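2 protein chains.
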Amino acid sequence: MPKFTPSLDDMQFIMHDFLKITDHYQAMGFEDASDPELVNAILEESGKFASEVLSPLNHPGDQTGCKWNDGVVTTPNGFKEAYKQYCDAGWAALASSTEYGGQGLPYSLGLITSEMNVSANTSWNMYPGLTHGAIHALAHHGSGELKQQYLPNLINGIWTGTMCLTEAHCGSDLGMLRSKAEPQDDGSYNITGTKIFISAGEHDMAENIIHLVLARIPGSPQGSAGISLFLVPKILDVATANGATDNQVTCASIEHKMGIKASATAVLNFDDSKGYLIGEINKGLACMFTMMNSARLGTGLQGYGIAELSRQASLEYAKERIQMRSLSGVKAPDKEADPIIVHPDVKRMLLTQKALVEGCRALAYYTATLVDKVEYGHDPDGSADKILGLLTPICKAFMSEAGFECANHAVQVYGGHGYIVESEVEQMVRDARITMIYEGTNGIQSLDLLGRKVLRDRGEALGLWVKEIKTGCATVDASLKQQADEVSALCDEWLQLTGAVGAKVQGNMDEIGAAAFDFLMYSGYVTMAHLWLQQANASLNSSKDESFNEAKRQTMAFYFARILPRVKTHKALILSGADNLECNDFEI
Amino acid sequence: MPKFTPSLDDMQFIMHDFLKITDHYQAMGFEDASDPELVNAILEESGKFASEVLSPLNHPGDQTGCKWNDGVVTTPNGFKEAYKQYCDAGWAALASSTEYGGQGLPYSLGLITSEMNVSANTSWNMYPGLTHGAIHALAHHGSGELKQQYLPNLINGIWTGTMCLTEAHCGSDLGMLRSKAEPQDDGSYNITGTKIFISAGEHDMAENIIHLVLARIPGSPQGSAGISLFLVPKILDVATANGATDNQVTCASIEHKMGIKASATAVLNFDDSKGYLIGEINKGLACMFTMMNSARLGTGLQGYGIAELSRQASLEYAKERIQMRSLSGVKAPDKEADPIIVHPDVKRMLLTQKALVEGCRALAYYTATLVDKVEYGHDPDGSADKILGLLTPICKAFMSEAGFECANHAVQVYGGHGYIVESEVEQMVRDARITMIYEGTNGIQSLDLLGRKVLRDRGEALGLWVKEIKTGCATVDASLKQQADEVSALCDEWLQLTGAVGAKVQGNMDEIGAAAFDFLMYSGYVTMAHLWLQQANASLNSSKDESFNEAKRQTMAFYFARILPRVKTHKALILSGADNLECNDFEI
Numbered sequence: 212m213p214k215f216t217p218s219l220d221d222m223q224f225i226m227h228d229f230l231k232i233t234d235h236y237q238a239m240g241f242e243d244a245s246d247p248e249l250v251n252a253i254l255e256e257s258g259k260f261a262s263e264v265l266s267p268l269n270h271p272g273d274q275t276g277c278k279w280n281d282g283v284v285t286t287p288n289g290f291k292e293a294y295k296q297y298c299d300a301g302w303a304a305l306a307s308s309t310e311y312g313g314q315g316l317p318y319s320l321g322l323i324t325s326e327m328n329v330s331a332n333t334s335w336n337m338y339p340g341l342t343h344g345a346i347h348a349l350a351h352h353g354s355g356e357l358k359q360q361y362l363p364n365l366i367n368g369i370w371t372g373t374m375c376l377t378e379a380h381c382g383s384d385l386g387m388l389r390s391k392a393e394p395q396d397d398g399s400y401n402i403t404g405t406k407i408f409i410s411a412g413e414h415d416m417a418e419n420i421i422h423l424v425l426a427r428i429p430g431s432p433q434g435s436a437g438i439s440l441f442l443v444p445k446i447l448d449v450a451t452a453n454g455a456t457d458n459q460v461t462c463a464s465i466e467h468k469m470g471i472k473a474s475a476t477a478v479l480n481f482d483d484s485k486g487y488l489i490g491e492i493n494k495g496l497a498c499m500f501t502m503m504n505s506a507r508l509g510t511g512l513q514g515y516g517i518a519e520l521s522r523q524a525s526l527e528y529a530k531e532r533i534q535m536r537s538l539s540g541v542k543a544p545d546k547e548a549d550p551i552i553v554h555p556d557v558k559r560m561l562l563t564q565k566a567l568v569e570g571c572r573a574l575a576y577y578t579a580t581l582v583d584k585v586e587y588g589h590d591p592d593g594s595a596d597k598i599l600g601l602l603t604p605i606c607k608a609f610m611s612e613a614g615f616e617c618a619n620h621a622v623q624v625y626g627g628h629g630y631i632v633e634s635e636v637e638q639m640v641r642d643a644r645i646t647m648i649y650e651g652t653n654g655i656q657s658l659d660l661l662g663r664k665v666l667r668d669r670g671e672a673l674g675l676w677v678k679e680i681k682t683g684c685a686t687v688d689a690s691l692k693q694q695a696d697e698v699s700a701l702c703d704e705w706l707q708l709t710g711a712v713g714a715k716v717q718g719n720m721d722e723i724g725a726a727a728f729d730f731l732m733y734s735g736y737v738t739m740a741h742l743w744l745q746q747a748n749a750s751l752n753s754s755k756d757e758s759f760n761e762a763k764r765q766t767m768a769f770y771f772a773r774i775l776p777r778v779k780t781h782k783a784l785i786l787s788g789a790d791n792l793e794c795n796d797f798e799i
Numbered sequence: 212m213p214k215f216t217p218s219l220d221d222m223q224f225i226m227h228d229f230l231k232i233t234d235h236y237q238a239m240g241f242e243d244a245s246d247p248e249l250v251n252a253i254l255e256e257s258g259k260f261a262s263e264v265l266s267p268l269n270h271p272g273d274q275t276g277c278k279w280n281d282g283v284v285t286t287p288n289g290f291k292e293a294y295k296q297y298c299d300a301g302w303a304a305l306a307s308s309t310e311y312g313g314q315g316l317p318y319s320l321g322l323i324t325s326e327m328n329v330s331a332n333t334s335w336n337m338y339p340g341l342t343h344g345a346i347h348a349l350a351h352h353g354s355g356e357l358k359q360q361y362l363p364n365l366i367n368g369i370w371t372g373t374m375c376l377t378e379a380h381c382g383s384d385l386g387m388l389r390s391k392a393e394p395q396d397d398g399s400y401n402i403t404g405t406k407i408f409i410s411a412g413e414h415d416m417a418e419n420i421i422h423l424v425l426a427r428i429p430g431s432p433q434g435s436a437g438i439s440l441f442l443v444p445k446i447l448d449v450a451t452a453n454g455a456t457d458n459q460v461t462c463a464s465i466e467h468k469m470g471i472k473a474s475a476t477a478v479l480n481f482d483d484s485k486g487y488l489i490g491e492i493n494k495g496l497a498c499m500f501t502m503m504n505s506a507r508l509g510t511g512l513q514g515y516g517i518a519e520l521s522r523q524a525s526l527e528y529a530k531e532r533i534q535m536r537s538l539s540g541v542k543a544p545d546k547e548a549d550p551i552i553v554h555p556d557v558k559r560m561l562l563t564q565k566a567l568v569e570g571c572r573a574l575a576y577y578t579a580t581l582v583d584k585v586e587y588g589h590d591p592d593g594s595a596d597k598i599l600g601l602l603t604p605i606c607k608a609f610m611s612e613a614g615f616e617c618a619n620h621a622v623q624v625y626g627g628h629g630y631i632v633e634s635e636v637e638q639m640v641r642d643a644r645i646t647m648i649y650e651g652t653n654g655i656q657s658l659d660l661l662g663r664k665v666l667r668d669r670g671e672a673l674g675l676w677v678k679e680i681k682t683g684c685a686t687v688d689a690s691l692k693q694q695a696d697e698v699s700a701l702c703d704e705w706l707q708l709t710g711a712v713g714a715k716v717q718g719n720m721d722e723i724g725a726a727a728f729d730f731l732m733y734s735g736y737v738t739m740a741h742l743w744l745q746q747a748n749a750s751l752n753s754s755k756d757e758s759f760n761e762a763k764r765q766t767m768a769f770y771f772a773r774i775l776p777r778v779k780t781h782k783a784l785i786l787s788g789a790d791n792l793e794c795n796d797f798e799i
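The listed protein sequences correspond, in order, to chains A and B.
Here the numbering used here = 1-based position in the first sequence + 211.
Here the numbering used here = 1-based position in the second sequence + 211.
Take every hint as true, because none was put in to throw you off.
Where chains are identical, the list cannot tell them apart; a pair therefore holds if satisfied intra-copy or between any two copies.
Derived DMTMM-like pairs: lysine to aspartate or glutamate, alpha-carbon spacing no greater than 20 Å straight-line: (1) Lys779 to Glu697; (2) Lys681 to Asp703; (3) Lys494 to Glu378; (4) Lys755 to Glu248; (5) Lys779 to Glu704; (6) Lys546 to Glu378; (7) Lys530 to Glu798; (8) Lys530 to Asp796.
Bear in mind the hints are in silico, worked out from the structure with no lab data behind them.
Note that the structure is predicted; figures quoted are calculated from it, not measured.
Take these sequences, add in the hints, and give me the full structure.
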């Protein structure tokens with residue numbers, strides 16, 4: 212059965228050898244995090260928790276799932292205890308502000324440790340993961356009083372948080388939401404409505420759950436301009452029987468899902484529940500977006516985190532499972548057949564996993580350093596914020612697509628055995644599938660990238676990013692010149708494609724949607740080519756051993772030979788236009 | 212909830228307008244099947260059975276699954292009754308020889324009707340589906356006595372059949388199998404061994420189950436040259452208690468799987484079970500391949516059959532679900548938002564489903580007519596057999612990849628709701644996933660295509676097929692000249708790529724495996740381009756209405772603009788060679 216092992220070498224390589232992350236921490240004044248040994252010790256300890264505590268609960272959690280009974284939700288065996296250990300050890304508070312009891316380590320370091328939790332047990336990680344989003348929105352937009360009252364227990368993990376956006380009739384289109392918030396004399400609001408798909412919406416792991424709820428104050432404008440954000444605690448003072456609370460927040464049911472079955476996805480009824488305004492009236496969507504941008508990077512991380520688990524499982528199985536002889540001659544004469552890892556088609560799948568996982572890891576960590584810069588006020592010219600905005604939809608969509616692909620390769624490497632539940636790899640496919648959907652479907656991400664972050668921005672952020680990539684191309688070792696030239700040429704093509712779509716859009720706004728998904732994937736592959744080039748360059752002067760460094764360059768070569776050519780198809784589709792999307796079947 | 216509706220218009224269009232299938236039946240002497248009205252009546256009745264009887268059992272069957280208790284397997288509610296109806300109505304016997312009680316209709320017509328059963332309920336269709344394979348092998352290789360004794364009840368469906376190949380340590384590599392067959396004085400054999408992954412290996416739908424079992428006679432050569440095929444009935448004369456039979460065939464357990472949960476996948480123990488040799492001693496694999504080629508086309512059909520269901524579900528949902536306004540202006544002013552079908556990215560997914568499903572349908576039906584020619588002795592120069600050999604791995608692998616892709620698009624079109632079990636679309640992803648694995652993984656199919664059917668064949672079959680495609684290009688309507696030129700150019704490129712790989716293989720046999728998967732996918736897309744071109748051509752003089760015909764040409768245009776460009780990436784990967792597949796992580 213697949214066991215999760217933290218890829219500490221690769222994580223350290225990307226952090227230290229590629230990103231020089233402790234220099235980055237030092238520049239921002241994070242003293243503790245400026246010490247590589249401390250950073251590595253945190254990684255190691257976090258990896259132990261993930262592999263020893265969370266990983267063994269992953270498959271049993273999928274098999275048991277969460278149970279709902281009369282409003283009360285029970286998480287799978289061991290989840291509650293693991294969560295207590297996580298909080299007690301201080302992992303919950305790692306990257307939160309010391310002002311409210313956090314440990315004050317940088318955001319990026321928190322994200323990196325959570326990668327291992329995701330790989331080990333994606334469902335379990337939903338509970339603290341959503342809380343981080345809630346902390347983020349509250350810290351940025353909440354009043355001093357609300358922060359004082361709610362942040363400490365959210366940060367130490369005694370309470371968890373949620374994001375209550377979706378209603379049955381609206382997911383992507385929040386402007387249609389109907390939950391209402393009636394102002395009360397004491398300055399609070401009475402919230403009434405039903406929210407669905409609420410991750411960690413109800414469970415048995417925390418003493419209280421702090422819901423961040425989007426609702427409409429009567430008299431507010433129609434659509435998305437009339438939505439406000441509220442903090443609604445599950446429990447105001449005391450819990451009452453049958454899962455109902457003294458704040459009238461009831462879990463009506465939990466969903467039966469394809470995967471992440473140990474994550475409770477709740478239908479929540481709010482019935483004149485007391486809520487407190489966060490941020491300004493009618494600016495709820497903007498406040499929520501603070502939360503969603505960080506959540507989107509987290510979703511991308513889920514994608515490649517599951518992919519990392521699938522990579523490990525595949526590699527191990529491919530070395531153990533013997534089946535047929537290599538066409539180029541017997542490789543394991545002592546065995547009845549060769550291990551399947553000798554077969555080129557199996558190598559192709561394994562290297563695809565490695566190239567995508569390690570490429571995504573580099574992308575996620577790099578993007579997390581941008582969040583650091585923006586979050587901690589080290590972005591004097593706003594360029595980090597610009598590039599972060601550009602990379603966020605790419606991280607979410609491209610990394611989730613990559614994650615799903617890798618999980619599927621694991622099933623294929625396992626063959627028939629991969630289709631059997633007890634192999635545990637089919638769970639990876641089911642768990643990974645949601646990452647392409649939630650926090651904004653990949654279609655929505657694509658519109659965000661092409662429509663908002665590129666075209667409406669008049670290419671400014673893209674220009675900054677291309678400039679950074681090209682600077683990188685110009686400074687790599689001479690042995691990488693061929694790849695650097697290729698990346699540089701792709702950057703030019705990327706700008707040309709942007710111009711071509713931009714010109715079409717003048718005549719027909721549907722040209723954005725027609726090109727968006729392929730534009731996002733194209734952008735992802737070019738961005739990842741840059742990151743592989745830079746990883747290969749870093750491997751030439753790395754602290755790791757030569758076998759590791761050489762494997763980096765082998766994987767880079769594979770990426771350029773067998774992954775990057777996907778841009779050829781995406782380019783053709785970007786240019787193919789909206790006219791080919793008509794069909795008589797579509798009449799409404 | 213998605214309801215299956217037979218796509219009779221499209222099926223009839225492909226059969227009559229494109230393939231002129233009744234002329235084909237007439238040429239082979241099938242008198243009844245030469246009547247288009249009779250053929251259409253069969254389609255309609257079969258469609259009714261699929262949509263009214265099988266479809267309602269599909270999702271409940273997934274949720275219940277099969278139950279194993281002390282050797283006895285119970286199929287989900289209604290499965291047994293549906294199977295009885297199927298047999299009583301004569302569907303089981305439709306395409307079997309009249310000599311043993313079949314209705315004597317052509318193979319292709321049987322396959323086409325089974326497409327609807329697959330779409331309606333893939334799991335259910337496994338039971339009769341496997342039986343057809345067993346009938347095929349027995350009819351071709353069994354002795355007159357065996358045929359007399361077993362074919363009638365297999366054909367009328369009172370008994371079902373299985374293919375017992377896989378053992379725990381060997382799936383792709385059957386040469387390693389250990390089940391043994393001891394010769395007995397009466398000419399029979401005692402079969403002992405454990406087989407796994409046996410579809411329909413045990414169930415409650417038939418009075419007896421006839422297992423076709425691969426085993427080794429003591430003293431036979433090692434490897435695949437020492438394997439023989441045996442017919443082993445579950446019951447010789449009488450059933451005994453507790454699932455054990457008088458022939459010592461016991462179902463030790465059934466697998467818990469990702470999907471096709473209503474199909475019982477059995478572990479079977481044979482313990483000195485009486486078996487009868489089929490075909491010659493040590494020629495078992497060859498006999499089994501007779502069965503597997505037909506099973507491979509059937510597996511491809513499962514892939515696109517599920518895709519058809521996913522296409523219907525997506526189209527319906529995209530018209531109903533309202534979410535956001537079209538960027539090019541409001542399309543449904545009477546509604547609070549526009550149906551999501553107005554969004555280009557949704558149209559992209561819907562048209563991808565339509566283009567792949569209808570393209571696969573054309574490929575499957577065409578290939579089935581080749582089976583007819585070979586099977587019924589209407590292949591004087593052997594060219595149909597050649598092309599059939601070439602197309603079989605393409606049908607299996609390309610159509611299963613396409614099916615899985617389409618099922619995933621359905622989940623994406625449904626958004627968060629698609630991830631919920633009750634939407635029924637996530638089941639399609641789980642059900643479709645197996646088709647890429649069983650009956651030979653798609654990696655094995657790729658090796659079969661490139662290694663055996665193309666290179667070892669010295670391109671003869673490929674040459675015949677390219678010639679047929681080019682003849683088609685030369686004869687289409689002038690309005691399709693652009694697409695015809697593109698297909699023709701791709702055929703030239705296909706031959707060049709074959710030559711390039713062939714040259715590399717001289718130096719390193721691993722070049723086959725390194726290029727195989729992409730070669731197969733490339734071959735699939737070019738083949739499908741030909742079939743779309745011919746469908747578009749047929750639509751210009753079709754018996755269908757103009758809206759249907761125009762939709763065919765719209766979908767053809769979409770295929771050429773947005774699916775066919777995938778060959779660009781596959782071409783680059785075919786040419787990229789085996790050298791990029793090395794990685795230090797792979798050391799064994």
